[in-house]
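Using the sequences plus the hints, can you model the full thing?
Number of protein chains: 2
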Amino acid sequence: MNVRTVEGLGEIHPGESLGAVLSQEAEIAEDDVVCVASTIVSKAENRFIDLESVTAGERAQAIADRLATIADEPKDPRFAQVVLDESSELLTTAPFLLTRTQFGHVTVNAGIDRSNVPNHDLLLLPDDPMASARRLADALNAPVIITDTCGRPFRHGQRGVAIGWAGLPASRDWRGETDRNGHELEVTVESIVDELAATANLLSGEGDGGTPVVIIESFEFGDHDGSNELFRDSESDLVGQALSQWEYQP
Amino acid sequence: MNVRTVEGLGEIHPGESLGAVLSQEAEIAEDDVVCVASTIVSKAENRFIDLESVTAGERAQAIADRLATIADEPKDPRFAQVVLDESSELLTTAPFLLTRTQFGHVTVNAGIDRSNVPNHDLLLLPDDPMASARRLADALNAPVIITDTCGRPFRHGQRGVAIGWAGLPASRDWRGETDRNGHELEVTVESIVDELAATANLLSGEGDGGTPVVIIESFEFGDHDGSNELFRDSESDLVGQALSQWEYQP
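Listed in order, the protein sequences are those of chains S and H. For the first sequence, the residue numbers in the numbering used here are 245 to 494. For the second sequence, the residue numbers in the numbering used here are 245 to 494.
Since the hints were derived computationally from the structure, they do not count as laboratory data. Careful: at least some of the hints might be erroneous.
As the list claims (entries may be wrong) - For each label pair, taking beta carbons as the anchor points, the in silico distance ranges come out as:
no., chain 1, residue 1, chain 2, residue 2, range
1, H, 301, S, 315, 38 to 48 Å
2, H, 299, S, 273, 35 to 45 Å
3, S, 419, H, 255, 18 to 28 Å
4, H, 316, S, 257, 49 to 59 Å
5, H, 382, S, 461, 50 to 60 Å
6, H, 246, S, 465, 44 to 54 Å
7, S, 305, H, 472, 38 to 48 Å
8, S, 258, H, 269, 47 to 57 Å
9, S, 492, H, 257, 14 to 24 Å
10, H, 385, S, 275, 28 to 38 Å
11, H, 269, S, 303, 22 to 32 Å
12, H, 419, S, 303, 47 to 57 Å
13, S, 340, H, 489, 10 to 20 Å
14, S, 258, H, 375, 47 to 57 Å
Said to hold, decoys possible - Sample of chain S residues facing chain H (criterion: CB under 8 Å; computed from the structure):
no., residue
15, 250
16, 257
17, 259
18, 292
19, 303
20, 396
21, 427
22, 433
23, 435
24, 442
25, 443
26, 447
27, 486
28, 489
Where a beta carbon is used, it is the ideal one built from N, C-alpha and C, also for glycine.
Set out below in C-alpha cells:
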C-alpha cells in the first residue's frame, strides 16, 4: 500500500468543483482511495458562517455563560448557537460542548473550525458528507473518503476519522470467519474508512503546510463482506447515553 | 509512505525472541516503523492463561451472574476474575466489562483474547507493552509500535491502536503553530502512534490469514515537537468518569 499527498492545490473557493480541481491536479487510478479533508469540501460548499449573522437563543446563552464561568474567559453565545444548529443531540454542555452532528458524527463543537477560515469567522462541516463523497467519487471515478480530525475518549490527542465515504464499504465484516484453530473471531467489524482516514492524516498535516488530499494506492479490501454502518445511533450508543445523564462538577 | 506486511512468520512460541525472529524474516531499515500485533508479543512473553488455574472471587462471581442474566447464557466467573486481575479500574460492568488495564489502555475485557490462542483458553495483553516495545526497538534498531484492535464509543467497528511504542514519540505536538492566516491551530496534539497502528491494521487482518507484523516505510514525523502522553489518567478522563457513575438499565 502506498500513500502520497496531492501537492499544488491552492486555496479552495466557494462554488469551485473539487472534482474538476482534483482531476486536473492529481493522477487518480480507479482503485486509488482519495482521502479529502472536510475543510476543503466545506469551503467548496460555502459552509462559512460569520457570527454577526447569528442571533443566540436562550439555551445558547446559558451554555456560553456556564462555559465562560468554567474557563474564566468570555465565550460567545453566538458560537454556541451555531453548534446547537448543527447538532441533533448534546452529549455534554460542560466543560465543553460534545454533540452529535445532524449526520451522526460525535465531536466537540459539532466539528466547527475556527482555524484555516480566511475572511470568515467559522467553517462548518459539510452538510451531508455522504452526498459530498458520492459526488466526488462519481467525478473522479474512484473511492472517496471525507475526513475530519477529532479527539476521542480515554486517549489524548486527535486522529483522522471518516465522516463520509463512497465507492467502498465503511467496514470489513469478519462475522463468521475463523482463526487458525477454527474458532470464530472476536473482532467482527473493522472500520476501514476510519483506518484509511487515520492513514491519510499522517501525511496531510495541519496549518500552513497542510496538504488536504491524500491518495492511498493499492489498498486491498480483501475477500470479506462489507458493512456500511459507521455512526452509532443514540439508542445503541451506551457511552453517549452515560454522558447525557452525567453532570460535570468542576 | 509505503506499507508492507512481513510474510512467512510462523506461530510464535513462549520464550521465543521476537527480535531475533523479525531480524531474520524482515529487512528493516532504521527509519522503518515496525508495527507488531500484541498477540504475538503476548505469545512470546507466555501470557497464556487457562481457566482451570483461576479461582473466581465474589466480585467476579457477581459480575458474571449479572452478565449471564443480561445475555441469557452462561458466563464463566473465572474469566471475569482474569479481567479484574488485569485491570486497574472498571468503567462498566454491564452490559459488558469495560476496564482500564494496569498500563492504562481502556478496552472491553482488558483486551483478553479468546481467538488465536492455540492450546490455551486465554491470551492476555503484554504486561508492560512500553517495555516490550523498547526491547524490540533495541533489537531491531528501528521504531516499534505494539498494536491492539478494539472498539470505541460513538462509532461501530474496531480499529488498530497503539498500546506500546519506542523509538518515536506518541504524538506530534502542534501547540503554538499557526494556520495559513496566522491563527493558532485548534488541533493541538495528533496521536501518530494510533494513526500508524490503524494503518498497520489495514494490512494485518485477523484470523487464519493474518500477518501480525507490518512495516511502514518513509513515514515522516516532520519538524514538530513530540509528546509521549497517550493514555488519559482517571482524573482527566471525563468520559471514563461519566461511565463509572452510570448504571446500565436493560
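Evaluated hints:
1. H:301 <-> S:315: 38 to 48 Å: holds (44 Å)
2. H:299 <-> S:273: 35 to 45 Å: violated (59 Å)
3. S:419 <-> H:255: 18 to 28 Å: Given a distance of about 25 Å, which is inside 18 to 28 Å, the answer is holds.
4. H:316 <-> S:257: 49 to 59 Å: At roughly 58 Å between Cβ atoms, residue 257 of chain S and residue 316 of chain H fall inside 49 to 59 Å, so the hint holds.
5. H:382 <-> S:461: 50 to 60 Å: Cβ of residue 382 of chain H to Cβ of residue 461 of chain S: about 33 Å, so the range 50 to 60 Å is violated.
6. H:246 <-> S:465: 44 to 54 Å: violated (19 Å)
7. S:305 <-> H:472: 38 to 48 Å: Hint holds: Cβ distance 41 Å, inside 38 to 48 Å.
8. S:258 <-> H:269: 47 to 57 Å: About 53 Å separates the Cβ atoms of residue 258 of chain S and residue 269 of chain H, which means 47 to 57 Å holds.
9. S:492 <-> H:257: 14 to 24 Å: Violated, at about 49 Å.
10. H:385 <-> S:275: 28 to 38 Å: Cβ of residue 385 of chain H to Cβ of residue 275 of chain S: about 35 Å, so the range 28 to 38 Å holds.
11. H:269 <-> S:303: 22 to 32 Å: 60 Å Cβ-Cβ, so the 22 to 32 Å window is violated.
12. H:419 <-> S:303: 47 to 57 Å: violated (32 Å)
13. S:340 <-> H:489: 10 to 20 Å: 18 Å Cβ-Cβ, so the 10 to 20 Å window holds.
14. S:258 <-> H:375: 47 to 57 Å: Distance hint for residue 258 of chain S, residue 375 of chain H holds at roughly 52 Å.
15. 250: violated (14 Å)
16. 257: violated (14 Å)
17. 259: violated (20 Å)
18. 292: violated (13 Å)
19. 303: Hint on residue 303 of chain S: violated, closest Cβ of chain H at ~21 Å, above 8 Å.
20. 396: holds (6 Å)
21. 427: The hint holds - residue 427 of chain S has a Cβ within 8 Å of chain H, the shortest such distance being about 5 Å.
22. 433: holds (4 Å)
23. 435: holds (3 Å)
24. 442: holds (4 Å)
25. 443: holds (4 Å)
26. 447: holds (6 Å)
27. 486: Holds: closest Cβ of chain H sits about 4 Å from residue 486 of chain S, inside 8 Å.
28. 489: Holds: closest Cβ of chain H sits about 6 Å from residue 489 of chain S, inside 8 Å.
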